[in-house]
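Using the sequences and the hints given, assemble the complete structure.
Residue numbers (this note's numbering), protein chains in the order written: chain A, 1 to 201; chain B, 1 to 247.
Because the hints were derived from the structure by calculation, they are not lab data.
Careful: at least some of the hints might be erroneous.
[As the list claims (entries may be wrong)] Straight-line Cα separation of at most 27 Å, BS3-like style, residue types lysine-lysine; simulated pairs: (1) B:Lys114 with B:Lys176; (2) B:Lys147 with B:Lys92; (3) B:Lys25 with B:Lys125; (4) A:Lys59 with B:Lys47; (5) B:Lys25 with B:Lys47; (6) B:Lys47 with A:Lys130; (7) A:Lys130 with A:Lys59; (8) B:Lys125 with A:Lys59; (9) B:Lys203 with B:Lys114; (10) B:Lys25 with B:Lys92; (11) B:Lys91 with A:Lys130; (12) A:Lys126 with B:Lys47; (13) B:Lys114 with B:Lys92; (14) B:Lys25 with B:Lys203; (15) B:Lys47 with B:Lys176.
[As the list claims (entries may be wrong)] Negatives, chain B to chain A, calculated, CB over 10 Å: (16) Ser59; (17) Gly64; (18) Pro89; (19) Arg90; (20) Lys125; (21) Ser131; (22) Ser158; (23) Ala209; (24) Glu214; (25) Met222; (26) Glu231.
From the three backbone atoms N, C-alpha and C, an ideal C-beta is built for every residue, glycine too.
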Amino acid sequence: MLSFLFLVFSFMALIPGYPILLGAFFICFGLFQTFQNGRETNDVLYSALLPIDKRDVVKARYIFVCLIQITAFILMGLLTALRMVFFASAAPYVNNAMMNSNPVFLAWTLLIFALFNTLFVGLFYKTAYKFGKPFVAFIVASILTVCIAEVVHHLPGLKFLNTSERLPLQLMLMLFALVIFALATVISCRTAQQNFDSLDL
Amino acid sequence: MTSILTVENLIKTYPAFRLGPVSFKVEAGSIMGFIGRNGAGKTTTLKSILNIVHPDSGSIHYFGQELPGNERAVKQRVGFAGGAVDYYPRKKIADIIAVTRNFYDNWDDDAYRKYMNIFSIDPQKAPRELSEGMKVKLNLAIALSHKAELLILDEPTSGLDPVSREELLEIFTALKERGVAILFSTHITSDLDKCADHITYIKKGELIASETMESFLSGHRMRGEGSNLEEIMLHYEKEDYREKFAE
Numbered sequence: 001m002l003s004f005l006f007l008v009f010s011f012m013a014l015i016p017g018y019p020i021l022l023g024a025f026f027i028c029f030g031l032f033q034t035f036q037n038g039r040e041t042n043d044v045l046y047s048a049l050l051p052i053d054k055r056d057v058v059k060a061r062y063i064f065v066c067l068i069q070i071t072a073f074i075l076m077g078l079l080t081a082l083r084m085v086f087f088a089s090a091a092p093y094v095n096n097a098m099m100n101s102n103p104v105f106l107a108w109t110l111l112i113f114a115l116f117n118t119l120f121v122g123l124f125y126k127t128a129y130k131f132g133k134p135f136v137a138f139i140v141a142s143i144l145t146v147c148i149a150e151v152v153h154h155l156p157g158l159k160f161l162n163t164s165e166r167l168p169l170q171l172m173l174m175l176f177a178l179v180i181f182a183l184a185t186v187i188s189c190r191t192a193q194q195n196f197d198s199l200d201l
Numbered sequence: 001m002t003s004i005l006t007v008e009n010l011i012k013t014y015p016a017f018r019l020g021p022v023s024f025k026v027e028a029g030s031i032m033g034f035i036g037r038n039g040a041g042k043t044t045t046l047k048s049i050l051n052i053v054h055p056d057s058g059s060i061h062y063f064g065q066e067l068p069g070n071e072r073a074v075k076q077r078v079g080f081a082g083g084a085v086d087y088y089p090r091k092k093i094a095d096i097i098a099v100t101r102n103f104y105d106n107w108d109d110d111a112y113r114k115y116m117n118i119f120s121i122d123p124q125k126a127p128r129e130l131s132e133g134m135k136v137k138l139n140l141a142i143a144l145s146h147k148a149e150l151l152i153l154d155e156p157t158s159g160l161d162p163v164s165r166e167e168l169l170e171i172f173t174a175l176k177e178r179g180v181a182i183l184f185s186t187h188i189t190s191d192l193d194k195c196a197d198h199i200t201y202i203k204k205g206e207l208i209a210s211e212t213m214e215s216f217l218s219g220h221r222m223r224g225e226g227s228n229l230e231e232i233m234l235h236y237e238k239e240d241y242r243e244k245f246a247e
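This is the structure we're talking about:
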């Protein structure tokens, strides 16, 4: 339930003067709650006893995670388009020292999601029980990513990353991030399935 | 007779325990009792043949199909109950079943309602509101409600009152007559005296015997090792507990 509710953090894409990439982190935090709830209810055992392949327990969870992430991405995409079209000349966005929502922001969002799928979900399925270390790994990596993302658009020659300039290049970066997200998720899922298959439940 | 389940050279190794190699067959329309004392490896064996525990080696065939690669199809035809219901403790049973039933092609609502009625389980309750014995019965009701051709039950009578145990053994006998195969593990040997056709005995992870009940009993009777399952089990295990008392 919380995973769905936390989708509202997509609206952080509209906040000026704030590291809006944290919205992606909070969406992943909602997904973390799902894993926590799953552990409390012993969902892994319930799922493994159903007439499904044991590996499908993992696949189903990855599909759910991606569903939430893609929904968030679409929502953020729509809000980004809204901001770029209707509020492009609004002072808070023009004078924004922090990240503005644009295709590059969406690209960074996808990278945060890829980190969650690889670090948290992937490492979780090594035990299907312990999520402390996987979550710490994701927190460290994602916060570092947020910091790097906020610094990069201040570097000489890269200021365009925080504007609506060179849109075709920004869109290519976003597509590139989408490919990384897809590859990272698929590889992580396959590894997690192998790990889970050899676990004793 | 058709072999529903064939297990060959199953091995599972833990740091302080080794199971196997274990081999046995379960035939259609028969009841196999899987006996051994606590910690012998019964639960590990049953979970290994369903891939809930990952076996190190061995071959497992259900209905002529190997388990890896056919898990989904096999599990449609197999009912498993491993003790008490141990998931979603605060969710209403009716809500849990509303999801579970969708996964089974042959879910039988009439059978489900019948067994819930026999076991006196209120579907509006949550598992945490049930006693341990009732949770075991709930697990059994679910296992019995999708027309399974093979039932794998881990200590199904453990924690049940004598009347419920008798009811359950009658259900097993009725299912056996309909061609269902049943494999159930227990250390309550009197349950097997009443209904088992075959016995597989495990001691400290090792297979001691897997044969018909008749041949198992007559062989041990002839050797003076016991005239019923309980005496035979004491014969196998007595060295261990005498050694421990002597320490």
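Can you confirm whether the C-alpha distance between Lys114 of chain B and Lys176 of chain B stays at or below 27 Å? holds, 18 Å
Decide, holds or violated, for the assertion that all CB atoms of chain A are farther than 10 Å from the CB of Ser59 of chain B. holds, 17 Å
What's the verdict on Lys25 of chain B and Lys203 of chain B, does the C-alpha distance respect the 27 Å limit or exceed it? holds, 18 Å
Taking C-beta pairs only, is Met222 of chain B more than 10 Å away from all of chain A? holds, 40 Å
Quick one, are Lys91 of chain B and Lys130 of chain A close enough, alpha carbons at most 27 Å? Roughly 23 Å separates the two Cα atoms, so the pair holds.
Given the hint that Lys130 of chain A pairs with Lys59 of chain A, does the C-alpha gap stay at or below 27 Å? This hinted pair holds, its Cα atoms lying about 18 Å apart.
Below or equal to 27 Å on CA atoms is what counts here, so check Lys114 of chain B against Lys92 of chain B. holds, 18 Å
Mind checking the alpha carbons of Lys47 of chain B and Lys176 of chain B for me, to see if they're no more than 27 Å apart? holds, 22 Å
Any Cβ of chain A at or closer than 10 Å to Ser158 of chain B, or is the non-interface label fine? holds, 18 Å
Distal placement of Arg90 of chain B relative to chain A, Cβ over 10 Å: violated, 8 Å
Mind verifying the non-interface call on Pro89 of chain B? Its CB should be farther than 10 Å from each CB in chain A. violated, 7 Å
Regarding the pair Lys147 of chain B and Lys92 of chain B, is the alpha-carbon distance no greater than 27 Å? Between Lys147 of chain B and Lys92 of chain B the Cα gap is close to 23 Å, so the pair holds against 27 Å.
Of the numbered hints listed earlier, those contradicted by the structure are 3, 8, 9, 10, 18 and 19.
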